[in-house]
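S.K.: Residue-level listing of the chains:
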Amino acid sequence: MSKNVFVFAEQRDGEIQKVSFELIGKARELANTLGEKVVAILLGHKVEGQAERLVAYGADEVILVDDKMLAEYVTEPYAKAIAAVIHEFDPEIVLYGATAIGRDLAPRVSARIHTGLTADCTGLAIDPETKNLLMTRPAFGGNIMATIVCPDFRPQMATVRPGVMQSCPMDTKVKGKVTKFTVPFAAEDMNVKIRKVVKAAKKATDITECKILISGGRGIGKADKFEMLKDLADVLGGEISSSRANVDAGWIGKERQVGQTGKTVRPNLYLACGISGAIQHLAGMEGSDLIIAINKNNTAPIFDVADVGIVGDVNVVVPKLTEAIKKYTEEKCAR
Amino acid sequence: MKIVVCVKQVPDTTEVKLDPVTGTLIRDGVPSIINPDDKAGIEAALRIKDQVGGMVTILSMGPPQADVALREALAMGADEAILLTDRAFAGADTWATSSTIAAALKKLDFDLVIAGRQAIDGDTAQVGPQIAEHLGIPQVSYVEGIEEVTNKKIVLKRQFEDRYHIVEVKYPCLITTLAELNPPRYMSVGGIFDAYREKTVQVWSLDTIKDTIDMANVGLAGSPTKVKKSFTKQAKGAGSKYEVGADEAVNIIMTKLAEKFII
Amino acid sequence: MDFKLSREHLLLQEMYREFAEKEVKPLAEELDEEERFPVETVPKLARYGFLGLPFPKEYGGQGGDYLSYAMAIEEISKVCATTGVVLSAHVSLCCAPIYEFGTEEQKKKYLPSLLKGEKLGAFGLTEPNAGTDASMQQTKAVLDGDKYILNGTKIFITNSGYADVYIIIAMTDKSKGTKGISAFIVEKDTPGFTVGKKEKKMGIRGSSTCELIFENCVIPKENLIGKEGQGFGIAMKTLDGGRIGIAAQALGIAEGAIDEAVKYVKERKQFGKRISQFQNTQFQLADMYTKAQAGQMLVYKAACAKQDKEPYGHLAAMAKLYCAEMASDVTRRAVQLLGGYGYTREYPLERMMRDAKITEIYEGTSEVQRMVISGFLKVN
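Residue numbers (full-length UniProt numbering), protein chains in the order written: chain A, 1 to 335; chain B, 1 to 263; chain C, 1 to 380.
Think of the hints as simulated: they come from the structure by calculation, not from any bench.
Heads up, some of the hints might be wrong.
Once the Cα atoms are required to be at most 27 Å apart in a straight line, the calculated DSSO-like pairs of lysine-lysine come out as [unchecked claim]: (1) K237(C) / K309(C); (2) K193(A) / K256(B); (3) K3(A) / K177(A); (4) K256(B) / K327(A).
With these hints in hand, go ahead and build the complete structure from the sequences.
M.R.: Rendered as structure tokens:
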């Protein structure tokens, strides 16, 4: 009988990734509904010390597979370990982060153990009648949402988009169980040879790929005010972009121009700072998910497309907003 | 070197618009294209062929209309094309799709299988790795660079959020490519004439692969996951405008950002 | 009668559009602004097979038909008329006469490199005193043993300076009038052949238009195309074919202008609504589109007739006459729809309007086309 909600705890260089805590937060809620436990699967080498963090964030139990084969991510050893854990512990649900690791590992595992897998979920819930996991995800370029179920196969598996679920507040007083599990690896399991690992090589920014854009218009007043926008972008994990006027003025590079003669962007958040909203500009950003506009002029056309319009001075509102977000995140992540 | 590239014909989702009144998708007039990650895969295969020689086969599962996507691949320079099409394949999830494509691959001779990382209409990124598992061959997904190719092995740049790996893998293997791997060549004029005059698109049905597939893994019936319901996102309502003090404004923005899970 | 494009033509159209959009359009404004020849585009046109499009594979061509070729010029000219004419002059005015009138030796010698695009072609007929009246050729070619000696000046020569192979029309026997005119193949770098001053033009400003100067330029006898005295006929037939290219160019310019205007009127708001909601805008665009479609049918019909080796001179003349005047009208109306913005260089419409004008002039003015068409009606 399948039981418990498992979470693949993704670590890189021994550091648990934020998405894993988010998944544990969601798993906690699902497990409570089912009256079951949250189990984190931690794979890696010399990562035992991380187990208690998983517990502190809400895992009842941690299954630890510690092996030098798992030091850096390679599909086969990881897939073999996860499949072995699933065979041994028979979970009801297994969740993975929809990351470059999770989206490589989860499908390999699903094919191996013959079960369904739903990608990039943004919503998870338990069906009150069938107790099946309801997995909701965007499809068709985000234009439609679909709720997927996996009624006849176990475990029910999903990858979950980072940043969507909320992690539980950390509680270091809680004690959980750590179960060490051994997987019999063979040398040929390392069927892809890593020649080199290169960390955090930042690529040139493509604003059309950015999920969050802080965009400056003529209303910011001068070139160095982009620094102020950059500070806000940094706390939100976004990038800065611009209207045409500032590009023409040479305040910022052409590659960051939004609009008809620049680029068309559809980020999750487009924060328009001091942009009046000429038709040519609107054409390049109307498709954004959430548009927030700050502008002094309350008749600026940008307000026609904004979800939230703030009539005010960007040079006052933006620094305050940056501070508020900084404070909010610090509180949220406090240990 | 024998390379098979798995491609999918997809609606160009960037051209899909929502009906502002009904909130439903307007699919009429949306062009069908070769999925961008897959097109990078075709280009990668053609470059490998240019470099070390060989044969590039395109494999696609889809409706008969997907013929044009295969012709396009042929017009770019691929040698042959196979369209897997059968009513029985309809409604397949990634498990059933990957089982079907793997069954077709078992009938082909290959060193390297290339698939796009993910399709823009589904964004799952699952089919490539699942095919590799069904075939029991190593996979390298999220390939953003090809560093070295020989007749024995391939050296790849594998992308992660915070790093990349340079990895080496021997054939047979499967790789999944990112659109940013390379700018795909256009079809050439002569290539288009060849695609219709000299080359053919082989059509394979369920019957063609019957000895390499378990019938229980085909189509909707063979899919572990089912769509329970689908719905369009709430149409955007009119926004609100606030003429308030700066602190109040910050609060309003913060609330909205939290509501949208941006913070 | 079948008005449907084949699957092959539809796929070609898709490819032309993608190529034009990504490789040609981004340069259009710069080429115009800087009056710069698209040197970087020519190798790309070569790589993808444009430069040998309607010729057989045995000479290095793509084995395409004339409709495919006209469609290519149409799609490229939608975004950049300069690039359109580079292609048209090369194919219609240089490769075509060698293919249609050249000896097997000439075809083998010149076509492979031209059709593969390793070399670019041009055509020289017009002279300071021989424009519409092309029979007044003053450039002379005198036979001297196994070579001809050329002397004279050509003007307004498209692709000049960038072309490697030129078709040159010259008088070999003035006493015979048009029957004394001959056609020659002249390679660049031939001693005595120089490219003179470059014209500053109103439109298609990226295309190179210069003088060609021949001063005791010695060319081998075997570079004579056909026989002595056949040159005028070769030139006229070459222009018949060329007119399909220019008609397609004009058509493309008009369609490009309509695309830009449609995009703009859906975005621009005046009096509280999008200007596309005003009936004047709607009716203007309906007229413009109808004219463009009518022009397209004339161009495609002429191209198909040439392909099928039917008489097509009058069809090419009608296509060019109609499309050239239509393109001038449509681009002018498109500028009007954009108002002040249309007049600025921020939008491509003013460029398109300037580019359209030349199609009423070169490769036979509209007046010459009317002469050809009325001649066909035998009302002269």
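S.K.: Now tell me, hint by hint, if it's right for this structure.
M.R.: How the hints compare with the structure:
1. Distance hint between K237(C) and K309(C) is fulfilled; the C-alpha atoms sit about 13 Å from each other, no more than 27 Å.
2. As the CA atoms of K193(A) and K256(B) are separated by approximately 46 Å, the hinted pair breaks the 27 Å bound.
3. With a CA separation close to 17 Å, the supplied pair K3(A) and K177(A) stays within the 27 Å bound.
4. A distance of roughly 16 Å separates the Cα atoms of K256(B) and K327(A); the hinted pair therefore holds under the 27 Å criterion.
The structure fails to meet hint 2 from the earlier list, while all remaining hints are met.
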